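There are 8 protein chains.
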Amino acid sequence: MAKFKLDEIDHQILDMLIENTRVPFTDIAKKLLISAGTVHVRVKKMEDAGIIKGSSLTLDYKKLGYSFIAYVGVFLQNTSRTSFVLERINEIPFVTVAHVTTGKFNVFCKIRARNTEHAKDIIFMLDDIEGVYRTETMISLEESINDKKRLMHSIFNDL
Amino acid sequence: MAKFKLDEIDHQILDMLIENTRVPFTDIAKKLLISAGTVHVRVKKMEDAGIIKGSSLTLDYKKLGYSFIAYVGVFLQNTSRTSFVLERINEIPFVTVAHVTTGKFNVFCKIRARNTEHAKDIIFMLDDIEGVYRTETMISLEESINDKKRLMHSIFNDL
Amino acid sequence: MAKFKLDEIDHQILDMLIENTRVPFTDIAKKLLISAGTVHVRVKKMEDAGIIKGSSLTLDYKKLGYSFIAYVGVFLQNTSRTSFVLERINEIPFVTVAHVTTGKFNVFCKIRARNTEHAKDIIFMLDDIEGVYRTETMISLEESINDKKRLMHSIFNDL
Amino acid sequence: MAKFKLDEIDHQILDMLIENTRVPFTDIAKKLLISAGTVHVRVKKMEDAGIIKGSSLTLDYKKLGYSFIAYVGVFLQNTSRTSFVLERINEIPFVTVAHVTTGKFNVFCKIRARNTEHAKDIIFMLDDIEGVYRTETMISLEESINDKKRLMHSIFNDL
Amino acid sequence: MAKFKLDEIDHQILDMLIENTRVPFTDIAKKLLISAGTVHVRVKKMEDAGIIKGSSLTLDYKKLGYSFIAYVGVFLQNTSRTSFVLERINEIPFVTVAHVTTGKFNVFCKIRARNTEHAKDIIFMLDDIEGVYRTETMISLEESINDKKRLMHSIFNDL
Amino acid sequence: MAKFKLDEIDHQILDMLIENTRVPFTDIAKKLLISAGTVHVRVKKMEDAGIIKGSSLTLDYKKLGYSFIAYVGVFLQNTSRTSFVLERINEIPFVTVAHVTTGKFNVFCKIRARNTEHAKDIIFMLDDIEGVYRTETMISLEESINDKKRLMHSIFNDL
Amino acid sequence: MAKFKLDEIDHQILDMLIENTRVPFTDIAKKLLISAGTVHVRVKKMEDAGIIKGSSLTLDYKKLGYSFIAYVGVFLQNTSRTSFVLERINEIPFVTVAHVTTGKFNVFCKIRARNTEHAKDIIFMLDDIEGVYRTETMISLEESINDKKRLMHSIFNDL
Amino acid sequence: MAKFKLDEIDHQILDMLIENTRVPFTDIAKKLLISAGTVHVRVKKMEDAGIIKGSSLTLDYKKLGYSFIAYVGVFLQNTSRTSFVLERINEIPFVTVAHVTTGKFNVFCKIRARNTEHAKDIIFMLDDIEGVYRTETMISLEESINDKKRLMHSIFNDL
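Chains as they are written, first to last, in the UniProt record's numbering: chain H, 1 to 159; chain Y, 1 to 159; chain U, 1 to 159; chain L, 1 to 159; chain D, 1 to 159; chain A, 1 to 159; chain F, 1 to 159; chain C, 1 to 159.
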C-alpha cells in the first residue's frame, strides 16, 4: 500500500462506482472528461493493486424471507482452535460476518435467518462445532444503518 | 413479498450477478440461453419489486488505511431517544452498521477507523451524542469472514 | 390456609378438574362414587376458600399469530416507584407475567408478541414508563415446557 | 393456520370462555343469540384446528403451601444436549415453564417451591442433570401480574 | 418452634443477656423483680428449646492482627459436590461464614486474614478444593456495621 | 496494639471464654491453676486494651421466625454519600452486617428477614435511602458455617 | 519516527543503559570499542529524537510502606469529561498509571497505597471527581512481573 | 524494613535521583552542601537495604513502533497452576506487568504490541499456556498517565 497512491481522478472514478457499480465506463469518462480507455486502465490498476476487490449485490433480505438478524458471541475452549473453528463457521452460509475479537468473546459472528426457529438451528450449529465452549446471542430488532457509502466518500475526501 | 415469486431463471440471473455485479447482460443471456432483453426485463422487475436494492463496491479498507474495526454497544438514557440517536449516529460516516438490539445494549454499531487514535475519536463522538448514556467497545483482531455470497446462494438453493 | 384442610375426595375432584376444567360434575360424581351435589358443594367450598381461583383457556398462541416470547428484565430508577411502574406495565396486555425479583433486575416480565417488530414496540413501551431506567431482553427460541399439571398432581400426592 | 379464519362469532365465544371456561354452552348461546349447537360446533372446530388446546385450573399456590417462585437460568455444556436436558427437566414437576433462550442462558426455567429449603433441592436437581454446566437463580419477591386474559382480549380485538 | 412461646419475662431476660451475656442472674432477677431461680429456669428452658444456642466473645480482630476481611464467591463444578466442598471449607479456620446461595455463586464465604498475602493463601486454599471450579473475591475496605443487637431487640419488640 | 502482648495464660483464658462466655472465673482459675483474682485482672486488662469488646448471645433465628438470610450489594450515586448512607442503613435493624467494599458494589450488607415478603420490604428500605442508586440481592439457601471459634483458636495457636 | 533509524551501535548503547542507567559513558565506550564522545553524541541524538525520554528510579515500594496495589476502573458520566477527569486524576499522586480504555471502563488506573484504609481514601478521591459516575476496584494480591527490560531487549533484537 | 529509617538527607538525595537518575553525585553533594562521599555512602546504604532496586530507562515506545497497549485478564483452570502460568507468562517479553488479583481474573497482565495483529499473537500466546482457561482483553486508547515521580515525592513528603 505504501507505494500505491490514488490521485484525484481515481477518487472521482471510485465515487461514481460507489454510487452505482454498474455504471458504464463511457458514462464515467463523459462526466470526468477523460477517455473511456483511461477509466478502464485506472479501474484495472486499482483492481490489480487490490484496492477494488469486487462488488456485491445489495438484496432485500426481508423480501427474500430472511428478516431475522442476530449477533452471536462465541467462546472457544482454547484459542489454538481459532482457525479450525473459523473454517467450520465458514461452512455455515447464514454466518455473513465473523471476527476474532478482544473482550468477552473469542469470535463474534453476524447471522441472518428466516425466523426464530431457524436462528435457533444456526446457533445450535455454532454451539456444536468442536472447540466451541459456549455462545451468547443478541438479537437485532431493527437494522437501522447498513451503509458503507458514507464511509467511502469520507475516505476519499480525506485522502 | 407475498405475491412476487422468483422463478428458476431469476435465481440463475441473481447467481451470476452475485458473482460479479458488472457482468454484461449479454453474457448472462448467452449463458442462460435467453435474450439480453429478457435479462434486462427480469432484472428491472426485481429492482422494481425491491428485491435488488443496488450494488456496492468491495474495497480493501486496509489498503485505504482503514484497518481498525470495532463493535460499539450503545446504552441509551431512554429508548424514546432511539430515533434521535440513530440520526446522529448516521452523521458519523465511520459507523457502517447500526442495529437496535435486545440484551445488554440498546444500539449496536460497527465502526471502521484508521487506528486506535481515530477509533477513540469515533467512540467519543458516539459517547457525546445527547441521550447516549454509555458505550462499550469490542475490538476486532481479525476480520475472518465478510461474505454474503454463501448466504445468497443458499437462499436461492432453498427457494 | 391454616384452618382449611383438603381431604382425599377434594384431591380427586381437583385431579379431574386439572385434567379438564369443563368435565361435568356428574362425570366426577360417577367416577368417585359420590353424588353430583357433593361435588358441587366441595368445589364451591374450595372456591370460597380461595383455593380454586378460576380456570383459564389454553390457546395456541402461534396459531393466533403470537409466536414471539421474550423475557424482559426491568431496572427501576428507584424501588419506591415499583407500584406505579407495575400499574403501567399492567396496562400493556402483551405482558402476561411480571414479578418483583431479587438479583439483577427489579421487575421481570414475560411478553408475547407477533414478531420481532412487535416485540420492539412492547419493549419500547416498557422502557418509556416513567421510573424505568433500563431494560434487558432475553428471547425465547422455543417454549419447551409450559405445564402446571405435573406440579398440581405432585402437590396433591404430597399433601 | 394460514387457512383457518376466526370470525366475529368465534371471537365472542372465546371471549366468554376466557372469562369462565366452565360457562355452559347454553349461556353462551343465549348471550350471542345463536343456538347451543352452533356454539358446540364452533368450539369443536376451534379445538380441531388446535386453536383451543384445553383449559387449566387456576389454583392459589400460596394457599396450597407453594409460595416460593424462582427463575433458574441453565447453562449447558453443549447445546447438543438440549433435548436430553429438557426431558430430564420435564421429570421435575416443580418446573412449570422452560424455554430455550438467547443471551446468557441456554435454558430458562420457572419453578414453584414450598420454601427456600425446597427451592434449594429443586435447583440442585437441575444442577445435577447430566449435561448441565451451571445454573443461576433469581427469586421472585412478589408475583405482581400473571394474567393472560388481557392478552387474549387484545388479540381478538386486533384480529 | 410452633409450640414454644416466649412471654414478656423471657423477652426482658433475653434483652438483658443480649446487652451483656455475662450479667449475673441475680442482677437480672433484681431488675425484673423475680427470683434468680426463675431466671435460671427460664434461661434453661430457652436453651433446651434451642432458642439460645450459646454465646460468643466479641474480639477486636484488628488488634489481634487480623484486619483483612474479604467475601469470596465460590463456583462449584457441580452442586452434587456441595456437602463435600463445605466440609473442606470448614477445615479452613479463616472462613468464618459460608452460605449456599442463589444467583451467581454456589457458595459464598466470609474470610478474615492478616493481610493481602495471607488472604491470597486462603483464597488459593479455597480454589484448590476438589470440586471448586473458580472463585471471585470482593475485599472489605471497612467493616461499618457488625451488630446483631439491633435485630434482636427488634425481634422481641415485634413478638 | 503494638505494645500490648498476650501471653500463654491470656490465650488459655480466652480459649475458655470462647467456648462459653458465661463460664465462671472460678472455673477458669481452677483449670489454669491460678487465682480467680488473676483471671479477673487479666480479663479486665484485655477489655481495657480493647481486645475483648464484649460478648454476644447466639440465638436460633429460625426458631424466632427469622429464617431468611440475604446479601444485598448497594451501589451509591457517589461515594461521598457513603457515611450518610451507612447511618441510614444502621437504622434498619434487619441489616446485621455492612461493609464498604471493592469491586462491583460500594456497600455490601447481610440481612435477616422473616420471609420473602419481609425481605422485599427491607430491600426496598435500602433502595429508598437517598444516595442509593441500585441494589442487587443474593439469597442464602442454607447457612452452612457461622462460626468464629475456629478462627479464634487458630489465632491463639499462631500467636 | 519515519526518518530516524537506530543502528547496531545505538542498540548496543541502549542495551547497556537498560541494564543500568547510571553506567558511565566511558564504560560503554570501552565495551563497544568506540570513543566516549561518540557515546555522548549518540545518546544525545536519541534524546533529541525523543526515543530516550529519561530514566526512572526503581524503588522498593513495600520497604517504603506502600505495599498495596490496586487497579481501578472508572466510569464517566460522559466521555466529553475525559480530559477534565484525567487532569483531576493527575493531581492524585497515588495514581501511577491511567489509560483511556475500550470495553467496560472509560478510564483505567493503577494505584499504590499504604494499606486497605489508604486505598479506600484514594478510591473515594477518584469517586468524588466531578464527572466520575462510578468506579470498580480489583486488588493485586502479588505483583509477579514488573519488568520492561525483557521487552526492550526484544525490541532491539527485532529491529 | 522496621529498623531502617530514612532521614531528611536521604529524602533529598532520592528526590534528586528521582528527577534524573544520571545526575552526578558531585552535583547532589553541591546542592545539599555535603561531600560527594557522603552521597555515595548513603546511596550505597539505600541500595544495600533494598530501598533502591535499580533504575530503568524511559523509552518512547511509540517511536520504537510499539504503540499498542492492552490489559489482559487471565482466568486459570485452577489456582494451583498460578506459579507455573506466571513462569510461562514471564517468557513472553511483551508482557511488562503481571499481577495475581482478586475479583474477576486470576492474573492480570499489561502488554505492549506493535499493532492489532501483533496484539492478537500475544493474546493467543497467553491463551495457549497450559492451565489458562480463558482471557479477556481491554485495549488502551491512550496512555494518559505513566508517572511514578508524583508518588515518590509524595512518599518522601509524608515520611
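Keep in mind that a hint or two might mislead.
[To be verified] Reference listing, derived: stretches of chain A covered by chain U, where coverage requires no fewer than 3 residues with Cβ under 8 Å from a Cβ of chain U: (1) 121-130; (2) 136-150.
[Claimed, not checked] The calculated label-pair distances, taken between Cβ atoms and stated as ranges, are: (3) L:Glu19 to U:His118: 38 to 48 Å; (4) U:Ser80 to D:Asn90: 33 to 43 Å; (5) Y:Glu142 to D:Gly65: 43 to 53 Å; (6) H:Gly131 to C:Glu19: 47 to 57 Å; (7) L:Ser83 to U:Val23: 30 to 40 Å; (8) A:Lys31 to C:Glu8: 54 to 64 Å; (9) F:Lys104 to Y:Asn115: 51 to 61 Å; (10) F:Phe84 to H:Val23: 47 to 57 Å; (11) U:Val41 to L:Ser80: 30 to 40 Å; (12) L:Asp27 to H:Asp60: 16 to 26 Å; (13) F:Gln12 to C:Ala49: 30 to 40 Å.
Simulated from the structure, these hints should not be mistaken for laboratory data. As the structure is a computational prediction, the values presented were derived from the model and not from experiment. Even glycine gets a Cβ: it sits at the ideal position worked out from N, Cα and C.
Tested hints:
Counting residues of the stretch 121-130 of chain A whose CB lies closer than 8 Å to any CB of chain U gives 4, so the stated coverage by that chain holds, three being the minimum. Check result for the stretch 136-150 of chain A against chain U: holds, 4 residues qualifying (beta carbon to beta carbon below 8 Å, three or more required). Under the hint 38 to 48 Å, the C-beta atoms of glutamate 19 of chain L and histidine 118 of chain U, about 25 Å apart, miss the expected range. The hint said 33 to 43 Å for the Cβ distance between serine 80 of chain U and asparagine 90 of chain D, and at roughly 41 Å that hint holds.
Our hint of 43 to 53 Å for glutamate 142 of chain Y and glycine 65 of chain D holds, since their Cβ atoms are close to 52 Å apart. Remark: the range hint 47 to 57 Å for glycine 131 of chain H to glutamate 19 of chain C is upheld by a beta-carbon distance near 53 Å. Checked against the given bound of 30 to 40 Å, the beta carbons of serine 83 of chain L and valine 23 of chain U, roughly 33 Å apart, stay inside it. At roughly 55 Å, the beta carbons of lysine 31 of chain A and glutamate 8 of chain C sit within the given window of 54 to 64 Å.
At about 22 Å, the beta-carbon gap between lysine 104 of chain F and asparagine 115 of chain Y misses the expected band of 51 to 61 Å. Between phenylalanine 84 of chain F and valine 23 of chain H, the C-beta spacing of about 49 Å keeps the proposed range 47 to 57 Å intact. Separated by about 54 Å at the C-beta atoms, valine 41 of chain U and serine 80 of chain L break the suggested range of 30 to 40 Å. Look at aspartate 27 of chain L against aspartate 60 of chain H: about 51 Å separates their beta carbons, and that is not inside 16 to 26 Å.
Between glutamine 12 of chain F and alanine 49 of chain C, the C-beta spacing of about 33 Å keeps the proposed range 30 to 40 Å intact.
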